[in-house]
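> Spelled out, the chains give:
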Amino acid sequence: MSETARGRILERLRSASVGAQRAERGAQVKQPKRSRDERVVRLRTMMEAVRTEFLEADRESWPSTVLAFLVSIGAKRVLHGANLFSVAPPDSAAVELVPYDKPIEEWKTDMFSNIDAAITTTRGGIAETGTLILWPSPDEPRLMSLVPPVHVALLDTNKIHDTFADVMRDENWAAGMPPNALLISGPSKTADIEQTLAYGVHGPKRLIVVLVS
Amino acid sequence: MDGLIGKRAVQFPDQEEWAALRARGAEARARALANLPDLLIRLEARCRANGMEVHWAETTEEANEEVLAILNRRGAKHVVKGKSMVSEEMHLNDFLESHGIESLESDLGEYIIQLDHETPSHIIMPAIHKNRKQIARLFGEKIRAAKYTEDVDELTGIARRVLRRKFEEADAGVSGVNFAVAETGTLFLIENEGNGRMSTHVPPVHIALMGIEKVLERLEDVPPLLTLLTRSATGQPISTYLNMITAPRSRDEKDGPREVHLVILDNARSRIYADPELRTTLRCIRCGACMNHCPVYTRVGGHAYDAVYPGPIGKILTPQVEGLAHRHDLTHASSLCGACVEVCPVQIPISSLLIRLRKEASSGGVVKGAGEGRTRAEAFTWAVWKRIHASPPAYRVVSWLATRLGRFVPAVGPLKAWTTVRTKPRFAHKTLHELTREEGVPDV
Chain A
1 MSETARGRIL
11 ERLRSASVGA
21 QRAERGAQVK
31 QPKRSRDERV
41 VRLRTMMEAV
51 RTEFLEADRE
61 SWPSTVLAFL
71 VSIGAKRVLH
81 GANLFSVAPP
91 DSAAVELVPY
101 DKPIEEWKTD
111 MFSNIDAAIT
121 TTRGGIAETG
131 TLILWPSPDE
141 PRLMSLVPPV
151 HVALLDTNKI
161 HDTFADVMRD
171 ENWAAGMPPN
181 ALLISGPSKT
191 ADIEQTLAYG
201 VHGPKRLIVV
211 LVS
Chain B
1 MDGLIGKRAV
11 QFPDQEEWAA
21 LRARGAEARA
31 RALANLPDLL
41 IRLEARCRAN
51 GMEVHWAETT
61 EEANEEVLAI
71 LNRRGAKHVV
81 KGKSMVSEEM
91 HLNDFLESHG
101 IESLESDLGE
111 YIIQLDHETP
121 SHIIMPAIHK
131 NRKQIARLFG
141 EKIRAAKYTE
151 DVDELTGIAR
161 RVLRRKFEEA
171 DAGVSGVNFA
181 VAETGTLFLI
191 ENEGNGRMST
201 HVPPVHIALM
211 GIEKVLERLE
221 DVPPLLTLLT
231 RSATGQPIST
241 YLNMITAPRS
251 RDEKDGPREV
261 HLVILDNARS
271 RIYADPELRT
281 TLRCIRCGAC
291 MNHCPVYTRV
301 GGHAYDAVYP
311 GPIGKILTPQ
321 VEGLAHRHDL
331 THASSLCGAC
341 VEVCPVQIPI
351 SSLLIRLRKE
361 ASSGGVVKGA
371 GEGRTRAEAF
381 TWAVWKRIHA
391 SPPAYRVVSW
401 LATRLGRFVP
411 AVGPLKAWTT
421 VRTKPRFAHK
431 TLHELTREEG
441 VPDV
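Sequence lines, in order, name chains A and B. Under my numbering, think of the first position of the first sequence as 1, with each following residue one higher. Under my numbering, think of the first position of the second sequence as 1, with each following residue one higher.
Bear in mind the hints are in silico, worked out from the structure with no lab data behind them. In this text, a Cβ means the ideal position worked out from N, Cα and C, and glycines have one as well. Among the hints, erroneous ones may be present.
[Stated by the list, open to error] Label pairs and their in silico Cβ distance ranges:
| # | chain 1 | residue 1 | chain 2 | residue 2 | range |
| --- | --- | --- | --- | --- | --- |
| 1 | B | T298 | A | T109 | 41 to 47 angstroms |
| 2 | B | T298 | A | E171 | 39 to 45 angstroms |
| 3 | A | V41 | B | E16 | 23 to 29 angstroms |
| 4 | B | S335 | A | A174 | 42 to 48 angstroms |
| 5 | B | A49 | A | T196 | 42 to 48 angstroms |
| 6 | A | T196 | B | T298 | 16 to 22 angstroms |
Kindly produce the complete structure, drawing on both the sequences and the hints.
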């Protein structure tokens, strides 16, 4: 069925291709050029407008900043990528750190029921729209930024681009996309009931961005 | 809808930027359509190289059978769905239920209307016709252990609790596709809730459904269309999530679906494609701005159209898909005010297409069922109208008679049927010419 359907659809399209309309390519859209500091401010302003929270830290101190935050919100079990910590994180009696080290099938219920938060890195950010870029990987799988109710994302302030178009072009995404790539611009939200905004519908209820500089 | 109109307007403060952006958006869509057969072949090849399986379907029946076959191979009994208008075209839920497979909508709005056995009344906000009291009652009746509440956060929390369990247990996930990029074989899904990501990444099988027109040539075509879509649809600078799917789970990944299937559906689109003017219908990116701004839609609501796609885009799409014989009435559900044309982010000339379809309905043409909307009574009426308006003496006599005697016209025949649910219109006591003359304006 499929092969013949394919052939017939393509044949109809081909026989119609004469007289194809092409629209004029519009003028280049004006693009703001922001300095590094302006990009950080813009990203933060845009994300805070959709209830994203922010922490600030440097390259050495972020683990203790993040752990202190997790303790403060009462998170007990916290998921992280296998290679997240280059040095052993500070010991905390209150927080159990759980590495994502086995296939989801072996612990799906545990992840859905017993993980309070996840810490991931990000590939970068987009200032214009207030957006995090994540390319999930074997180290930091796809569900980390989705299933746990709290998502803590580390963002290197040197990796904040102006626009989505910029980062696609500068990093040449067209040369090879990962199996899954994500733009995340806040905690999960909906306005499906009376157009009233409600946060935390299916994905994380809270998104915390740690600005690392 | 006023709220949405305002939110959209705030997102496009700079008319020059808006003009440039929508020109880019329209160009990207028009270029994709101009090369459609080649791009579909390239998309198919890239997706297969990436490890996806690609299926083609000419009709919704074929598409349903493809989905069923995939599910049966895996013995899947429980399916979770992200929002997909193509699946609404297919009536996929009913089809799967009739084969003993649970097909659960997981977008909050879609979940609500599925609980009440309804169809979406808006393509972006499917449950916009319901208020919180109705939803509170519905949840109280249909969801076990749900307490009655009219608080939106609590209602959302109830749905979250029920659906999380369903995501965890689902055998397969079904989604739509916002854009499919031929250059890399990547499927783009835009959403705010996270249910789309849940449906596409938690179950072991992901089935994505797309119409043949959804393809884009290059990755760089996405950013302008993405921002046009989210700003036009809900007045957001960007959605919470943009989910870019290029491949199923690779050997060393720990999660993600092991199989990704792309079902490419025609359902009359290739027929629409044949005509260069009508083809512009296929540029649509399903933002819903035309509905939000339509004076007819905002008064009658989405269900009045009795079609999968309501509002202005539905008025041009549905008659082309289902045929003018049965659906030409939709082309008249417009005052041709042009509000939809002004806000369309990809410059679809909706008003011109409505006029074209009206003409084809009565005079014949290329659209399915063209000419079958013609009735003798209507043709006769317009012939008389034309005579009167072409002759000044006749016009003067008729307009004088209408203003003096019009109120005595009895409600019989078509006027009787028409007035059963409407007030009979009243003629003015004098003609416009008389009134302006009295105001001192001379006749030309």
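> Given a hint of 42 to 48 angstroms, does the C-beta separation of S335 of chain B and A174 of chain A actually sit inside it?
45 angstroms, holds
> Evaluate the given range 39 to 45 angstroms for the C-beta pair formed by T298 of chain B and E171 of chain A.
43 angstroms, holds
> May I ask you to test the hint 42 to 48 angstroms on the CB atoms belonging to A49 of chain B and T196 of chain A?
Holds, at about 44 angstroms.
> CB of T298 of chain B to CB of T109 of chain A, is that within 41 to 47 angstroms?
46 angstroms, holds
> So the hint says 16 to 22 angstroms: do the beta-carbon atoms of T196 of chain A and T298 of chain B match that?
19 angstroms, holds
> Are V41 of chain A and E16 of chain B spaced within 23 to 29 angstroms by their CB atoms?
25 angstroms, holds
The earlier numbered hints are all upheld by this structure, with none contradicted.
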